[in-house]
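Residue numbers (the numbering used here), protein chains in the order written: chain A, 1 to 249; chain B, 1001 to 1217; chain C, 2001 to 2222.
Pair ranges (Cβ atoms, derived):
#, chain 1, residue 1, chain 2, residue 2, range
1, A, P42, B, G1029, 52 to 60 Å
2, B, G1044, A, D238, 41 to 49 Å
3, C, G2018, A, L18, 51 to 59 Å
4, B, N1053, A, S223, 29 to 37 Å
Source of the hints: derived by calculation from the structure; they are not laboratory data. Idealized CB from N, CA, C, for every residue including glycine.
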Amino acid sequence: MLSYFSNPQRFDRLARTLIPVFGSLTVVLLGVGGWLALLGSPPDYQQGETIRIMYVHVPAAYMAMALYAALAVASFVYFVWRHALADTAAEIIAPIGALFTVLALFTGSLWGKPMWGTWWEWDARMTSVLVLLLVYLGYMALRAALEDAQQAARTGAVLAMAGIVNLVIVKFSVDWWSSLHQPASLIRLDGPTIHASQLWPLVIMILAYSFLAGWLVLYRLRSQALRRRARALQRQRDQAARQREEAVS
Amino acid sequence: MLTTTAIFPDLPAFRPEKTRVSGLSLSRGDLTLVRDFSLDLGPGEAVLMSGPNGTGKTTLLRAIAGFVRPDEGRVSFGAGPEPASSADCVAWLGHADGLKSVETPRQALRFWAQMGGQGRSAILPLLRAMAIESLIDRPVSRLSRGQQRRCALVRVALANRPVWLLDEPAGPLDGGGRTRLADLVAWHRSRGGSVIAATHQLLDWSDARRIDLGAHR
Amino acid sequence: MSALGAILAREARLAWAGGGGPAGPAAFFLGAITLAPLAIGPAADLLVAVGPGIMGFAALLSVLQSADRLFGDDHVDGTAELYLLSGVSLPGLVLAKVLGQASATLWPLPVIGLFGALMYGVPVLPACVGALALLAAIPALSLIAGFAGALAAGVRRSGLLIALIATPMMVPVLIFAAGAGRSALAGDERALANLLLTIAVSLATAALAPFGIVAAVRSRMG
Chain A
1 MLSYFSNPQR FDRLARTLIP VFGSLTVVLL GVGGWLALLG SPPDYQQGET
51 IRIMYVHVPA AYMAMALYAA LAVASFVYFV WRHALADTAA EIIAPIGALF
101 TVLALFTGSL WGKPMWGTWW EWDARMTSVL VLLLVYLGYM ALRAALEDAQ
151 QAARTGAVLA MAGIVNLVIV KFSVDWWSSL HQPASLIRLD GPTIHASQLW
201 PLVIMILAYS FLAGWLVLYR LRSQALRRRA RALQRQRDQA ARQREEAVS
Chain B
1001 MLTTTAIFPD LPAFRPEKTR VSGLSLSRGD LTLVRDFSLD LGPGEAVLMS
1051 GPNGTGKTTL LRAIAGFVRP DEGRVSFGAG PEPASSADCV AWLGHADGLK
1101 SVETPRQALR FWAQMGGQGR SAILPLLRAM AIESLIDRPV SRLSRGQQRR
1151 CALVRVALAN RPVWLLDEPA GPLDGGGRTR LADLVAWHRS RGGSVIAATH
1201 QLLDWSDARR IDLGAHR
Chain C
2001 MSALGAILAR EARLAWAGGG GPAGPAAFFL GAITLAPLAI GPAADLLVAV
2051 GPGIMGFAAL LSVLQSADRL FGDDHVDGTA ELYLLSGVSL PGLVLAKVLG
2101 QASATLWPLP VIGLFGALMY GVPVLPACVG ALALLAAIPA LSLIAGFAGA
2151 LAAGVRRSGL LIALIATPMM VPVLIFAAGA GRSALAGDER ALANLLLTIA
2201 VSLATAALAP FGIVAAVRSR MG
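Looking at chain A on its own, in the form it has when it is part of the complex (with noise of 0.2 Å):
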């Protein structure tokens, strides 16, 4: 399947296809979503109307997570394979996880401004979450500073591999940093203790940001695809133009 979508023109009849619908489940989801998260659900009875913050947090916080799985899978298959669109997907993948991050920051540290009193709190998830942020940055400042796209596609791909492994002896290790105190977590999705009535609009803003995050990429990977093909056009035909002047003279 991954060799069957290399083909350009295959993937952009994909592409033109899902946009659309990817866009409109998007915009569906964030409002059921939002409306479940602000009005149809009830406050915490620890929280109070603050709990509605976690609406936001927790999925952008997953969305980060998820969207650095995926940009080391397309180094992956870049790594391997050689398919020029897993790089370009790598590639764009990298700022929106970023902003994802960011988001999740930001929300965090709103959320949990009610419960610690502070803007900030050292515990092991948030501290992931900003090492994640780290790793982002570093993978798109690398990319950034080579000038030869082709060593900048295999460069970014051996970091985010290498990022990964990374990333599960990070969260193993801040686990442990942050166990010797036990500040008070944000959440604590326990499956059985959390209710129906907190799940459902969980899941569901975390559908809408997926499918949000996905529209943005298959966007953009459109887009940067069909730059890179008007521009090999261009290049053809300058090339046959000299060459016609070359004969000429």
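Chain A is already provided as a structure; the job is to place chains B and C on it using the hints.
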């Protein structure tokens, strides 16, 4: 034909290898540098690749050495059933000399002799052949570009490998240096070695095949 | 001497001749632990509490100082291509390079870390544990710095880029190494666990990082 009084040391014989390049295509981004390039090189032969800057001479040479993966095509060394790897057959001279500025030629060449599992006895004769034996203990940073290049050529010869890939070998060399380079190449070819050199200068090597890369796009 | 031994020796020699040897990381480390109290304030009990942490933090930054040289120089002067063609096992070659440079330039760090901790008022035994943890952390730190340096080889003013790439990867070893010193200071039973975890991370890094570094060097060959 030796036109100078250079005498080359007796190095243990290497196994002469054929180089076969078939259907090599290279691109940088969307720009095709080389399309369907093929080359057969036997022992004792030399190829001079010329072409204006930016025609992909360096990239092609690097692809033959195995540093860059080509889009299409393959490179193989040796005629036997198991093809030899480039690490066994190739001695490389790139744009940069591969020398450390704080090292002396003696230190650098001893290191590379050790890496290749060879003795040191050939170092001084080869330096003499390139007319830089008096600089053996001067740090590379205090050598001129031409002298550094000559030292790098000694390193190539010291490696004692059949196929030489040279990228702009004569770049900073003066007339005397170019003559010694020609002698070095002739000596190598007389032992069964082969040379592929990318150069935009006019090098006068006897019986060298000339390929113009401008025609291969 | 085998080829790998020759590489190790050459790298150590290059670190002394070209990079100033141990002076660079040591001077930086000394500077950092001198500046920290000036920023934190001279309150003795505060300095004791942050001592082990500051030692780990400053050591980490010191290792980054020479990160660009190890693989960056090879990329620029063409030695990388020669290493690739040398026929020597590449992961071994890379490990020998890192070990060569680390053994020449990073040995003062545990020593300065010990005296620095004592200067911050940390008692002798926890200070020794902290220094031991720093020693155990050096393989991990230098290999990660080498990996970042290999990715950014030859990039102009790569210091910031290398720091950005290396920092998330150094988080685990920093947590465990500094944690060993802190646990020894607090007297809780985690000190040994932290020390063992530091050693474990260093061993795992020594097993994995060379392959990553080879991939990084290859990816920059184009």
